[in-house]
Amino acid sequence: MPGRLDRALPAMLRVGWKDALAYRGEFLVWMLTMTLPLVMLALFRAVAAEGSLGGFDASAFTAYFLAGLCVRQLASSWSIWEINREIREGALSMRLLRPIHPLWSYLCDSLAAIPMRAAISLPVALVLLYSIDGTAGEKLARDPVTLALFGVSLAQAFGIIFSISSTIGALGLYLESALGLWNIYVAFFMLLSGYLLPLALFPAWLQRVAALTPFPYLQSLPIEILVRRLPLTTMLRGLAIQSGWLVLSVSVLLLVWQRAQKRFAAYGG
Amino acid sequence: MSVIVVRDLVKEFRVAEREPGLWAAARSLFHRRYKVARAVDGIGFSIERGERVGFLGRNGAGKTTTLKMLAGLLHPTSGLVEVAGFAPQRRAPLFLGKITLVLGQKQQLLWDLPPVDTFELNRAIYDLSDADYRHTLDELIELLQLGTLIKRPTRQLSLGERMKCELVAALLHRPEVLFLDEPTIGLDVPTQLALREFIRAYNERHGATVLLTSHYMADVTALCPRVLLIDQGKLTFDGELDGLVRRVRPNKRVIVRRAGLPPETFDLPHEGLSQAVAKLLAAGDVDDLVVEDPPLEEVMRDLLSS
Numbered sequence: 001m002p003g004r005l006d007r008a009l010p011a012m013l014r015v016g017w018k019d020a021l022a023y024r025g026e027f028l029v030w031m032l033t034m035t036l037p038l039v040m041l042a043l044f045r046a047v048a049a050e051g052s053l054g055g056f057d058a059s060a061f062t063a064y065f066l067a068g069l070c071v072r073q074l075a076s077s078w079s080i081w082e083i084n085r086e087i088r089e090g091a092l093s094m095r096l097l098r099p100i101h102p103l104w105s106y107l108c109d110s111l112a113a114i115p116m117r118a119a120i121s122l123p124v125a126l127v128l129l130y131s132i133d134g135t136a137g138e139k140l141a142r143d144p145v146t147l148a149l150f151g152v153s154l155a156q157a158f159g160i161i162f163s164i165s166s167t168i169g170a171l172g173l174y175l176e177s178a179l180g181l182w183n184i185y186v187a188f189f190m191l192l193s194g195y196l197l198p199l200a201l202f203p204a205w206l207q208r209v210a211a212l213t214p215f216p217y218l219q220s221l222p223i224e225i226l227v228r229r230l231p232l233t234t235m236l237r238g239l240a241i242q243s244g245w246l247v248l249s250v251s252v253l254l255l256v257w258q259r260a261q262k263r264f265a266a267y268g269g
Numbered sequence: 270m271s272v273i274v275v276r277d278l279v280k281e282f283r284v285a286e287r288e289p290g291l292w293a294a295a296r297s298l299f300h301r302r303y304k305v306a307r308a309v310d311g312i313g314f315s316i317e318r319g320e321r322v323g324f325l326g327r328n329g330a331g332k333t334t335t336l337k338m339l340a341g342l343l344h345p346t347s348g349l350v351e352v353a354g355f356a357p358q359r360r361a362p363l364f365l366g367k368i369t370l371v372l373g374q375k376q377q378l379l380w381d382l383p384p385v386d387t388f389e390l391n392r393a394i395y396d397l398s399d400a401d402y403r404h405t406l407d408e409l410i411e412l413l414q415l416g417t418l419i420k421r422p423t424r425q426l427s428l429g430e431r432m433k434c435e436l437v438a439a440l441l442h443r444p445e446v447l448f449l450d451e452p453t454i455g456l457d458v459p460t461q462l463a464l465r466e467f468i469r470a471y472n473e474r475h476g477a478t479v480l481l482t483s484h485y486m487a488d489v490t491a492l493c494p495r496v497l498l499i500d501q502g503k504l505t506f507d508g509e510l511d512g513l514v515r516r517v518r519p520n521k522r523v524i525v526r527r528a529g530l531p532p533e534t535f536d537l538p539h540e541g542l543s544q545a546v547a548k549l550l551a552a553g554d555v556d557d558l559v560v561e562d563p564p565l566e567e568v569m570r571d572l573l574s575s
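Respectively, the protein sequence lines represent chains Z and W. Quick note on the working numbering: the first sequence kicks off at 1 and runs consecutively. Quick note on the working numbering: the second sequence kicks off at 270 and runs consecutively.
There may be inaccurate statements among the hints.
As the list claims (entries may be wrong) - Which residues of chain Z face chain W? A partial, calculated answer using Cβ under 7 Å: (1) R4; (2) L5; (3) A8; (4) A11; (5) V15; (6) K18; (7) S93; (8) M94; (9) L97; (10) R98; (11) P99; (12) A260; (13) K262.
Stated by the list, open to error - Pulled a few chain W residues facing chain Z out of the computed Cβ check, cut under 10 Å: (14) Q425; (15) G529; (16) P532.
Keep in mind that the hints were calculated from the coordinates and are not lab data. This one's a predicted model, so the numbers in the text were calculated from it and none came from an experiment. Yeah, the Cβ is synthetic: ideal placement off N, Cα and C, and Gly gets one too.
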């Protein structure tokens with residue numbers, strides 16, 4: 001099986017990439033739904049014009065929200081939509097008939113879209129970074145160690161998001177539709193991940209609550225590493241906790257999937 | 270040697286029930302009623318390597334549910350299923366490499382990409398060597414007369430062309446056991462004929478076992494010397510197609526044509542058939558006389574409406 005996987009994964013990624021290109025119109029519209037950081041950027045720059053807020057001046061807000069835009073684009077997965085639809089329509093059958101775990105193909109579909117997301121979001125973020133505020137670029141990390149740690153945090157955030165998204169999708173085998181559950185997840189993500197506003201602006205008790213959940217590790221940690229807001233020890237501690245969430249979320253995904261697939265009714269045809 | 274063994278197989282589904290109307294919809298939020306529907310009810314049969322078997326029954330009789338259990342998509346509620354020596358529900362990669370399931374109403378082809386991309390994907394997933402892949406693909410393209418169609422986006426292909434490409438995608442790994450669920454549904458007659466010929470040729474060339482469901486009796490007559498009949502989840506017949514016909518319509522059909530008159534049709538019992546025919550001929554003026562089994566479509570109509 002590992003040998004087969006070695007050869008199958010590149011082919012699955014290639015096909016996923018071609019598929020993402022085929023759906024490029026829809027893909028662009030989908031990306032536009034993730035541009036909330038730009039709205040928040042405009043809002044908080046206006047607030048910061050009156051003076052800095054929670055240690056953020058206008059340049060810091062610019063760097064934070066543009067980094068947030070990139071993290072959101074590069075560490076996201078929509079496997080829930082695909083899994084939920086395929087369970088309801090019975091199309092999951094075709095994936096289950098192949099001698100490779102369906103989660104690999106969902107993973108490849110999500111990974112394959114990242115180059116296109118990067119090709120669009122990174123130039124947009126860079127142009128905005130230097131056109132809005134010439135000094136905001138100085139906030140970003142440039143040293144190889146921090147950039148490497150940012151890469152690790154981004155990859156782990158993607159892994160957790162994919163696992164949560166796919167777990168909620170697999171719960172569609174118990175619920176009639178998992179989309180309601182997904183909406184609840186998204187609401188908590190918006191609030192507690194640092195996507196809408198930096199967690200440093202929250203009251204201390206809410207920061208403590210957020211720290212007990214995986215959400216800050218999905219968005220806030222990679223952003224704060226990239227904009228150099230964390231000392232090295234805090235970064236390493238954050239990455240260690242993040243890898244714990246990754247292991248836990250992957251384990252839950254595998255367990256739920258293993259149990260839930262016995263309930264698959266393969267509707268239709 | 271039996272390649273498929275099924276014993277006392279049962280599949281039950283828990284189905285939510287709700288009265289029509291807004292009030293019932295609101296009430297079902299708090300109190301949902303379920304009933305257990307038994308889709309397959311203790312069936313048993315075995316199929317030898319290389320056999321072509323037709324699986325007949327009306328809609329909802331349990332045919333597709335059985336096929337899905339044989340292919341490992343559904344977990345049986347109870348009973349034994351063994352295909353090529355494996356318990357299908359465990360979905361071992363080795364097992365999945367030996368079977369294929371073609372669902373006439375589901376597709377594995379990637380909609381916006383040419384079929385050749387799905388074929389390439391399957392080559393990698395089934396870990397086929399380049400030589401095997403090329404050889405099988407060329408053979409299938411030739412048998413199905415696909416030519417360069419495989420390079421056009423799937424969405425631009427006709428239903429028949431798509432179905433042919435579905436078969437290629439399903440057979441690239443040279444499965445030993447083919448489960449075909451209404452593979453000719455919605456296709457025009459020439460394409461149905463081409464697919465039938467193809468399935469027969471594949472079975473004969475590779476000694477593959479075929480279990481086929483179809484509502485087109487021509488598929489079953491042309492392909493399946495043996496049929497299984499399922500009704501309300503129970504197996505009600507297992508044997509040769511002729512035997513099924515005799516059981517449902519024990520009489521032979523005699524058609525007599527006389528000059529200037531419309532043809533007359535008589536359904537006569539086997540016993541005393543020759544005397545009856547002799548009597549008809551003796552009546553004189555007979556231009557033509559045909560003795561045949563009743564058309565299979567009528568047999569199935571009787572069978573499925575009874």
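Each hint, compared with the structure:
Using the Cβ-Cβ criterion of 7 Å, the hint placing R4/Z at the interface with chain W is satisfied: the shortest such distance is roughly 4 Å. At a threshold of 7 Å, the smallest CB-CB gap from L5/Z to chain W is about 9 Å, leaving the interface hint violated. Nearest Cβ of chain W to the Cβ of A8/Z: about 5 Å, under the 7 Å cut. The hint holds. Below 7 Å, beta-carbon pairs count as interface contacts, and A11/Z has one with chain W at about 3 Å; its hint therefore holds.
Taken as an interface hint, V15/Z checks out: its beta carbon lies about 5 Å from the nearest beta carbon of chain W, inside 7 Å. Hint status for K18/Z: holds, given a least beta-carbon distance of 6 Å to chain W, under 7 Å. About 5 Å separates the beta-carbon of S93/Z from the nearest beta-carbon of chain W, less than 7 Å, and the hint is met. Interface restraint check for M94/Z: the shortest CB-CB distance to chain W comes to about 4 Å, inside 7 Å, so the restraint holds.
Interface restraint check for L97/Z: the shortest CB-CB distance to chain W comes to about 6 Å, inside 7 Å, so the restraint holds. Contact between R98/Z and chain W, as hinted, is supported at the beta carbon level, the nearest pair being about 5 Å apart and thus within 7 Å. Taking 7 Å as the C-beta cut-off, the interface hint given for P99/Z holds, the closest approach to chain W being about 4 Å. Given hint, A260/Z at the interface with chain W, is violated; its Cβ is 12 Å from that chain's nearest Cβ, farther than 7 Å.
With a cut of 7 Å, the hint placing K262/Z at the interface with chain W holds, because the nearest CB-to-CB distance is about 5 Å. Interface restraint check: Q425/W against chain Z, minimum CB-CB distance 12 Å, threshold 10 Å, status violated. Below 10 Å, beta-carbon pairs count as interface contacts, and G529/W has none with chain Z, the closest being about 51 Å; its hint is therefore violated. For P532/W, the shortest C-beta to C-beta distance to chain Z is roughly 41 Å, which exceeds 10 Å, and the interface hint is violated.
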